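Enquirer: Which chain is which? The protein sequence lines are C and W, in order. Its first residue numbered 1, the first sequence is counted upward by one per residue in the working numbering. Its first residue numbered 1001, the second sequence is counted upward by one per residue in the working numbering.
Possibly wrong hints are sitting among the right ones.
[Claimed, not checked] In silico negatives: residues of chain C with every beta carbon more than 10 Å from chain W:
| hint | residue |
| --- | --- |
| 1 | 17 |
| 2 | 36 |
| 3 | 38 |
| 4 | 39 |
| 5 | 99 |
| 6 | 113 |
| 7 | 129 |
| 8 | 133 |
| 9 | 153 |
| 10 | 186 |
| 11 | 190 |
| 12 | 229 |
| 13 | 230 |
| 14 | 233 |
| 15 | 234 |
| 16 | 237 |
[Stated by the list, open to error] Anything over 12 Å on all C-beta distances counts as not near chain W; from chain C, calculated:
| hint | residue |
| --- | --- |
| 17 | 54 |
| 18 | 107 |
| 19 | 215 |
| 20 | 238 |
[As the list claims (entries may be wrong)] In silico lysine-lysine, BS3-like type, Cα no more than 27 Å apart, as pairs:
| hint | chain 1 | residue 1 | chain 2 | residue 2 |
| --- | --- | --- | --- | --- |
| 21 | W | 1022 | C | 226 |
| 22 | W | 1040 | C | 226 |
| 23 | C | 107 | W | 1082 |
| 24 | C | 107 | W | 1098 |
| 25 | W | 1060 | C | 221 |
| 26 | C | 226 | W | 1031 |
| 27 | W | 1116 | W | 1060 |
| 28 | C | 224 | W | 1022 |
| 29 | W | 1098 | C | 221 |
| 30 | W | 1031 | W | 1082 |
In short, the hints are calculated from the structure, not lab data. Every value quoted in this text rests on a predicted model; they were computed, and no experiment measured them. Note that CB positions come from ideal geometry on N, CA and C, so glycine has one too.
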Amino acid sequence: MELPPITLELLEIAAASWALGILVLYSWKRTSKAWLLYAHLTFLFLPLFVYAARLPCAQPILDGLQAFCAVTLTKVAIYLIPPTILIATLAGYWLFPYLYVRQLRCKEQSSHLISTYATKIGKPLRLFWFDNAQPLAFSLRNTIFMSQGMFELLNHHEREAVLLHELGHIRERSGWKKFSSALTRLFSPLASFSCRETVQQEERRADLFAAQTQGTTKYLKQAKEKVILYYSSASRARLRI
Amino acid sequence: MCGSLSTLMTSDLSPLERAILKKLWPQRRLKVRELFTLLKNERSVALTSIAVALDRLHSKSIVDRTITTGRGGIRYVYFPRKSRAEFEKSVVEATVNKLITRFGTTALSYFNERFKK
């Protein structure tokens, strides 16, 4: 089977598309707008779609069965990429909190801080506790998960600082950005080099929110020190045996 | 016998884990902070180290834990799975079995001669 030649026009489209892809990646690094990551993926795959659209179906695998043409199958596979990414994104981002609740066997907790902030932003927020001695706290969409280890190690103000830090992530939609960043890294080799700073930027923003709300960095700093000390003790204990 | 048992216990437990068990056996059920209060007067130890050690003892199935909800919030309460005597017996059994598995008739001959004395 003869494939259509890669023409100069196609190369120009590819070069322009990838240049735009790099530009939007640079813009994302400056602005942290998640939609720019999906724009980057679009520009990255655009030349492939243009080429796939030009593929003729001239060589059927079985005579008379045009539908099973290898080229048609290739085109279908390529055209399926964006809906696959879309479905994976939506399903993963919307389903993950429910999956975590089931997997970790979480119990919902009430918190004055959470309910106050939920009223302030007009969105429902939930706090889940899970049985794990390690100090862990993370947020997904509008849900915060906090392990028993956090309750054991931290006092009331320190736990509040951690909750505010996670609320900062929810406010900045860090979960969505981190998820999008991970998805983009999966499909784009270019993004692998520029997505690492996202996590640090989001952590700084969340720390700032917690510090501004509490009026001090003291409790968050103490909480972080205790968590770091816990994990360094755990590493030393593992090395002994 | 107590000296040799202490040595046997050393190989599997850290000094902090042994100190924690010594507090748990008479007291029966303690929270992390309660253990910290008991131990900080005897040795320089951080709350995080005690939390780590208790979690390790729990993963080794030497202690168990339940969750209580009270005025201070949700807390783990740790308690030993076996009494001190039962634990020491299990350590001896495991060690003797290891010696017999490793050294076979040499170990059996030694035990035979040792108990004849």
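Enquirer: State for each hint whether it applies.
Expert: Hints and how they fare:
The beta carbon of residue 17 of chain C is kept farther than 10 Å from every beta carbon of chain W, the shortest such distance being approximately 52 Å. Against the 10 Å criterion, residue 36 of chain C stays outside the reach of chain W, whose nearest CB is about 40 Å from its own CB. With a closest Cβ-Cβ approach of about 40 Å to chain W, residue 38 of chain C is found to remain outside the 10 Å limit, as its non-interface label requires. The claim that residue 39 of chain C lies off the interface holds: its Cβ sits roughly 44 Å from the closest Cβ of chain W, which is beyond the 10 Å cut-off.
No Cβ of chain W approaches the Cβ of residue 99 of chain C within 10 Å, the least distance being about 23 Å, so the stated non-interface status holds. With 10 Å as the threshold on Cβ separation, the claim that residue 113 of chain C sits away from chain W holds: the shortest Cβ distance comes to roughly 14 Å. Its beta-carbon lying about 7 Å from the closest one in chain W, residue 129 of chain C breaks the requirement of being farther than 10 Å from that chain. Not every Cβ of chain W is farther than 10 Å from the Cβ of residue 133 of chain C; the closest lies at roughly 4 Å, contradicting the non-interface assignment.
For residue 153 of chain C, the shortest C-beta to C-beta distance to chain W comes to about 6 Å, within the 10 Å cut-off, and the non-interface label is violated. With 10 Å as the threshold on Cβ separation, the claim that residue 186 of chain C sits away from chain W holds: the shortest Cβ distance comes to roughly 33 Å. Taking the minimum C-beta to C-beta distance to chain W, about 41 Å, the non-interface status of residue 190 of chain C holds against the 10 Å cut. Not every CB of chain W is more than 10 Å from the CB of residue 229 of chain C (nearest about 4 Å), against its label as outside the interface.
Not every beta carbon of chain W lies more than 10 Å from that of residue 230 of chain C, the smallest distance being close to 4 Å; the non-interface claim is violated. Listed as a non-interface residue, residue 233 of chain C fails to keep its Cβ farther than 10 Å from every Cβ of chain W; the least gap is roughly 4 Å. Residue-level check failed: residue 234 of chain C sits 5 Å from the nearest beta carbon of chain W, not beyond 10 Å. Residue placement check: residue 237 of chain C does not keep its beta carbon more than 10 Å from all beta carbons of chain W (closest about 6 Å).
Every CB of chain W is more than 12 Å from the CB of residue 54 of chain C (nearest about 59 Å), matching its label as outside the interface. Remark: the non-interface label on residue 107 of chain C conflicts with the geometry, its nearest Cβ contact in chain W lying 9 Å away (cut-off 12 Å). No beta-carbon of chain W is positioned within 12 Å of the beta-carbon of residue 215 of chain C; the least distance is around 23 Å. Not every C-beta of chain W lies more than 12 Å from that of residue 238 of chain C, the closest at about 9 Å, which undercuts listing it as non-interface.
Taking the CA atoms of residue 1022 of chain W and residue 226 of chain C, the gap is near 26 Å; set against the 27 Å cutoff, the hint holds. Simply put, residue 1040 of chain W and residue 226 of chain C have alpha-carbon atoms about 17 Å apart, close enough for the 27 Å limit, and the pair holds. Pair hint residue 107 of chain C plus residue 1082 of chain W does not hold up; C-alpha atoms about 30 Å apart against a cutoff of 27 Å. Restraint check for residue 107 of chain C and residue 1098 of chain W: not satisfied, since their Cα atoms lie roughly 43 Å apart, outside the 27 Å limit.
A distance of roughly 32 Å separates the Cα atoms of residue 1060 of chain W and residue 221 of chain C; the hinted pair therefore is violated under the 27 Å criterion. Restraint check for residue 226 of chain C and residue 1031 of chain W: satisfied, since their Cα atoms lie roughly 18 Å apart, inside the 27 Å limit. A hinted pair counts as satisfied when its Cα atoms are at most 27 Å apart, and residue 1116 of chain W with residue 1060 of chain W does not qualify at roughly 36 Å. Restraint check for residue 224 of chain C and residue 1022 of chain W: not satisfied, since their Cα atoms lie roughly 31 Å apart, outside the 27 Å limit.
For the given pair, residue 1098 of chain W sits about 48 Å from residue 221 of chain C by alpha-carbon distance, which is inconsistent with the 27 Å threshold. Between residue 1031 of chain W and residue 1082 of chain W the CA atoms are separated by roughly 18 Å; this keeps the pair inside 27 Å, and the hint holds.
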